[in-house]
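Colleague: Given next are the chains, with one letter for each unit.
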Amino acid sequence: MPERTRMKSRFHLRILWPFMLIFIFSLAAFVLLVPFVQNALFAEAEIRGTQVNYMPLFALVFLILAVGLLIGLLINIHYTNRHLNVLEDLTNAAKELGEGHFQEIRIPDDLGQQLEMQELGEALRKTADQTEEQFNALRKEQAMLSAVLDHMTDGVLIADDDGRVQMLNNAAEKLFRIENEQALGRSVVEVMRHYSLVELWEKTKNGDPETVTMEMGSAHKYLQVVGISLEKDLPGRSMLLFQDLTQTHQLEIVRRDFISNISHELRTPMAGLKAISETLLDGALDDPPAARKFVVRMDSEVDNLSQMVNELLELSRIEAGRSNFEFQRSEPCRLMDKVIERMTLQAERVGVSLTQECPPYLPKVFADPGRISQVFVNLIHNAIKFTPNGGHIHLSAWQDGDKVIFKVSDDGVGIPKKDIGRIFERFYKADRARAGGGTGLGLSICKHIVDAHNGQIWVESEENAGSNFYFSLPSVLDGYYI
Amino acid sequence: MSRFSLDQEIRLVQDELLLLGSLVEQAILNSVDALQRRDVEAAKAVYHNDRKINGKHFAIENHILITLATQSPLASDLRLLAGMLEVNTELERIGDYAKGISKVAVRLAEAEFPIPIREIVTMADLATSMLHRALGAFVAGDMVAAHSIPEEDNQVDEYYQSIYRKIVESMIKNPDSIDIANQLVWVVHNLERTADRVTNICERVVFIVSGELMEFDNTDDETIGLD
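Protein sequences appear in the order of chains A and B.
For the record, in the first sequence the residue sitting at position 324 is 324 according to my numbering, with numbers rising by one throughout.
Convert by adding 1000 to the 1-based position in the second sequence; the result is the number in my numbering.
Okay, chain B solo, but in the shape it has when bound:
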């Protein structure tokens, strides 16, 4: 197989991944927006859009596997395709988070509960902006960005903590709202996990460029006080 067609295949997969990335990014933003505007229709649209995301996820996986089988790439190309396989999975997971948020948005549309929506929107903006830049770094093989983006995860964690505390306070004040508040915790949790997935994507960038497997994410250790 010629070098030309392998490069071309890789570029095609890359574009498909970026498209999937933008779908997922917008899904997160739209789900939070639906929560903010208490818009059931918009939330349902995000929910059903997940099918499209999953379809694209499978198509990309297929494309990568066929490329691996027919072009037998080596060294950096192999790393790149393997990395793409991984990023593909991460994106699909983030899509699921958006779906989860939209599910909560449908349930909370009618609820009388003080949602700290401004912080949630800011958190979603931050997480999706990280995702956007991480995919940019992935395409460009930008090691500097791949190292700096995971640092922003701390900010996301701070938002998580502060919103979580607010929700718990509301729960204590008004025990009837525990069911709703608990759902809201899921929203914030999903956003926090989104940022963690972005960190994983950054790890892939480092792997693709340098061949080194490493771990940026130490948030799990912090939350249970093991660090």
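Chain A with its partners taken away, still in its complex shape:
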């Protein structure tokens, strides 16, 4: 406060000094000129003997006053002009400040002699600096927030009281397949296009937060949505958060399918075992030949069970990447020979013939023979299962660039088109009725093994015409291991 009073008194004093100047000038002019002219006039009147003529005196007074006023006017114009220029500069600076163009603010260094102007300029300069600082800090904060919003996987949508969308982030744009510019200002109905979401918004915009889980639209998106009123922080606004649980939901279904499959598959041999052991206990034990038959059946059921458990363990090991592969240079034809030896009997038992064709000049492949024969066994197993009596399974191999391609073909029932994309999935069974026993893991294991060899596995099939399964393994070229 004392500073302000000081400024005021200074102001009063200084505004007077041009007038003082005029006053002193006029007074000096009067004191110097008027007596001189007056004497001259009196002398002239005396000499001529006429009356004193005062006109020149009046003219002189008038002239002095006029000159004084003119000087005052010029001083005034000069100073006013300077002030006006400075004021104009400051006004422009203030305007730029208001518009946020911090880079364009120009406050002249020379603000004239006047302290007020200098102080005003200084204050404006400081305000500009501070505002820019605050503005930048805000902008940084906003950039940080929008970076978080745009990179989060959950969708965010903020709407006003009338249900107009005020904000939505990238994830929400993707979810509702709408661009930000199209969505802003539109109604929540138009943007979200789902009655459950609109109902949730209406319910929570002025009430307690609520969560719903729902499946949306033909894309079968599985969403968890939270509606929250923002009344406390942003009056009239409400927010919806969308969490896309589609993948989790699918995994959940796969897990559920797996449990139901595996329980089903385990139940069959278990029930068999139970029936046999009951029969044995009920007296069959006393009939050694019959008892022996039952024990043999128990043995094979236990084999089935342990195969299933082994497959499961194997798959989880391969998937976890813990399985140790023993890669070595292997001859493709030897790999096939061993498998043919092992599987011929099984194939013949169901009336399917198994043949092979292997050119002798094939390069060696870099493979784990045990694993690759497991791939063959699984593929042949499948082929046997889906090839009717009298059918034919054929194994072949050939070189294709730096790879050797193996083929297991059958003339069985083939695979429906809709299933082809999914048969390598875990637990997937194309035709549940025909697939009979089995875990639905065989092809999945094949895929994992071939992947671990840096190879590829694929299938071509036509319904009722048979299937061709192919897999490729990298060959060993002149001692260079892939």
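Incorrect hints may appear among the rest.
Stated by the list, open to error - DSSO-like, lysine-lysine: derived pairs with alpha carbons at most 30 Å apart:
| id | chain 1 | residue 1 | chain 2 | residue 2 |
| --- | --- | --- | --- | --- |
| 1 | A | K203 | B | K1052 |
| 2 | A | K385 | B | K1052 |
| 3 | A | K126 | A | K95 |
As the list claims (entries may be wrong) - From the derived model, a few chain A residues whose C-beta atoms are all more than 12 Å from chain B:
| id | residue |
| --- | --- |
| 4 | A45 |
| 5 | H194 |
| 6 | D208 |
It is worth saying that the hints were derived from the structure and are not from the lab.
All values derive from a computational prediction rather than experimental measurement.
Where is the CB? At the ideal position from N, CA and C, for every residue including glycine.
Please arrange chain B on chain A, whose structure you already have, making use of the hints.
Modeller: Then chain B, alone, in the frame of chain A:
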């Protein structure tokens, strides 16, 4: 009446229509899902939900008629409101199709019949996706989409043919199942009609934007070999 309130009324009706659209879309999807999971409760829920759809249909019709009577709109506004009246009816019909499918789903829940459910689900997804986009085009006045969406009707028809053939094959193999199989044909037929209704909605979009009345749908001619 002021321009402002007419625009506002139109926007309100539009939002109501979109809500009805989403109800109907989900009804179709839910009915097919109930068929897939053989879930009687879910099917009944769709069946009873049709009342809600019909209620909304009447409310929208009322709203449009009152707007027409009180605001006396002209030119494009009149076309828009008349188009909305039409779309409203189409949506209600699609709701009825969903109801029909849910009815079959209840009956088929216990039946031992090989349902080509994967194709049926794909067909329902395609039809509802067309519906969703057609309503989007309706709101946006998007002529390009209005012309391109009806082309997808051919895909729906292809699915219809292929599923129909499968069902007939099952019927021939197992004449006892003719009753059930026939019901299943109704499901597929309803889905096929849904896509046709979507085509009608697209025709309305063209009418609203350009004032031109035209026909996209020539499927009826194809099926009886008249084209």
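Colleague: Against this structure, judge whether each hint is valid.
Modeller: To see whether the hints hold, each was checked on the structure:
1. With a C-alpha separation of about 18 Å, the suggested pairing of K203(A) with K1052(B) holds against the 30 Å cut-off.
2. For the hint linking K385(A) to K1052(B), the alpha-carbon distance of about 51 Å lies beyond 30 Å, and the restraint is violated.
3. Restraint check: the Cα-Cα separation between K126(A) and K95(A) comes to about 15 Å, which is no more than 30 Å; the hinted pair holds.
4. Once the 12 Å rule is applied to beta carbons, A45(A) is consistent with being away from chain B; the minimum gap is 91 Å.
5. Annotated as non-interface, H194(A) brings its C-beta within 12 Å of a C-beta of chain B; the closest such distance is 5 Å.
6. Every beta carbon of chain B lies more than 12 Å from that of D208(A), the smallest distance being close to 23 Å; the non-interface claim holds.
Hints 2 and 5 from the list above are not met by this structure, while the remaining hints are.
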